[in-house]
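For the sequence shown, my numbering begins at 403 and goes up steadily by one.
Source of the hints: derived by calculation from the structure; they are not laboratory data.
Be aware that one or more of the hints could be misleading.
Below, computed lysine to aspartate or glutamate pairings styled on DMTMM-like, alpha-carbon distance capped at 20 angstroms [what the hints assert, rightly or not]:
| no. | residue 1 | residue 2 |
| --- | --- | --- |
| 1 | Lys-456 | Asp-488 |
| 2 | Lys-457 | Asp-488 |
| 3 | Lys-439 | Glu-429 |
| 4 | Lys-476 | Asp-465 |
| 5 | Lys-456 | Glu-485 |
| 6 | Lys-476 | Asp-496 |
| 7 | Lys-476 | Asp-488 |
| 8 | Lys-439 | Glu-451 |
| 9 | Lys-457 | Asp-441 |
| 10 | Lys-457 | Glu-485 |
Label-pair distances were calculated between CB atoms; the ranges are [said to hold, decoys possible]:
| no. | residue 1 | residue 2 | range |
| --- | --- | --- | --- |
| 11 | Lys-498 | Gly-472 | 37 to 47 angstroms |
| 12 | Asp-496 | Tyr-425 | 34 to 44 angstroms |
| 13 | Asp-433 | Pro-497 | 46 to 56 angstroms |
| 14 | Arg-435 | Glu-530 | 41 to 51 angstroms |
| 15 | Phe-445 | Gln-499 | 27 to 37 angstroms |
| 16 | Asp-465 | Asp-496 | 29 to 39 angstroms |
Every residue, glycine too, gets a C-beta built ideally from N, C-alpha and C.
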Amino acid sequence: MARLFGGDQIEADTNKVVGTYGYMSPEYVVDGRFSLKSDVFSFGVLVLEIISGKKNRGFSHPDHYHNLLGHAWKLWTEERALELLDNIENSLPDPKQPGFFTERNMPAVDSSSGNHESSSINDLTISELDAR
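Modelling step: build the complete structure from the supplied sequences, incorporating the hints.
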């Protein structure tokens, strides 16, 4: 919600409800009342979509007619919330070698274990644009 509150206001009302259904909080849709909690609700819907791998809008389940939020709540109350997680990525892939990689020359005194530490170079470059 890109809406400004007055000095000490923590919530406000509106007669014109604007937004994407499925991401707007129920009190905003029904009563036109919004607050910081409305943004938290919308963010929560996005997080739910990310962890489940499913969209809130257009979600359908063969056993019931809930949207993704209702489905998540149903699983939560039945203590089966882990079933909501996306099963595509059960394990993380192995990391790739960084683009710039150098080995450090360690002093002979520290080489008792035989393991040599390595590090990557992460230099920041700034390009300045000049007018023609």
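These are the hints, each one checked on the structure:
1. Lys-456 / Asp-488: Measuring from Cα to Cα gives roughly 8 angstroms; hence the hint holds.
2. Lys-457 / Asp-488: 12 angstroms, holds
3. Lys-439 / Glu-429: Distance ~10 angstroms between Lys-439 and Glu-429 Cα, so the pair holds.
4. Lys-476 / Asp-465: 11 angstroms, holds
5. Lys-456 / Glu-485: Since the Cα atoms of Lys-456 and Glu-485 sit roughly 13 angstroms apart, the hinted pair holds (cutoff 20 angstroms).
6. Lys-476 / Asp-496: Measuring from Cα to Cα gives roughly 35 angstroms; hence the hint is violated.
7. Lys-476 / Asp-488: Distance ~17 angstroms between Lys-476 and Asp-488 Cα, so the pair holds.
8. Lys-439 / Glu-451: At roughly 18 angstroms apart (the allowed maximum being 20 angstroms), Glu-451 and Lys-439 satisfy the hint.
9. Lys-457 / Asp-441: Holds, at about 18 angstroms.
10. Lys-457 / Glu-485: 16 angstroms, holds
11. Lys-498 / Gly-472: 37 to 47 angstroms: About 40 angstroms separates the Cβ atoms of Lys-498 and Gly-472, which means 37 to 47 angstroms holds.
12. Asp-496 / Tyr-425: 34 to 44 angstroms: For Tyr-425 against Asp-496, whose Cβ atoms are near 35 angstroms apart, the range 34 to 44 angstroms holds.
13. Asp-433 / Pro-497: 46 to 56 angstroms: 48 angstroms, holds
14. Arg-435 / Glu-530: 41 to 51 angstroms: 49 angstroms, holds
15. Phe-445 / Gln-499: 27 to 37 angstroms: With a Cβ separation near 35 angstroms, Phe-445 and Gln-499 satisfy 27 to 37 angstroms, so the hint holds.
16. Asp-465 / Asp-496: 29 to 39 angstroms: 38 angstroms, holds
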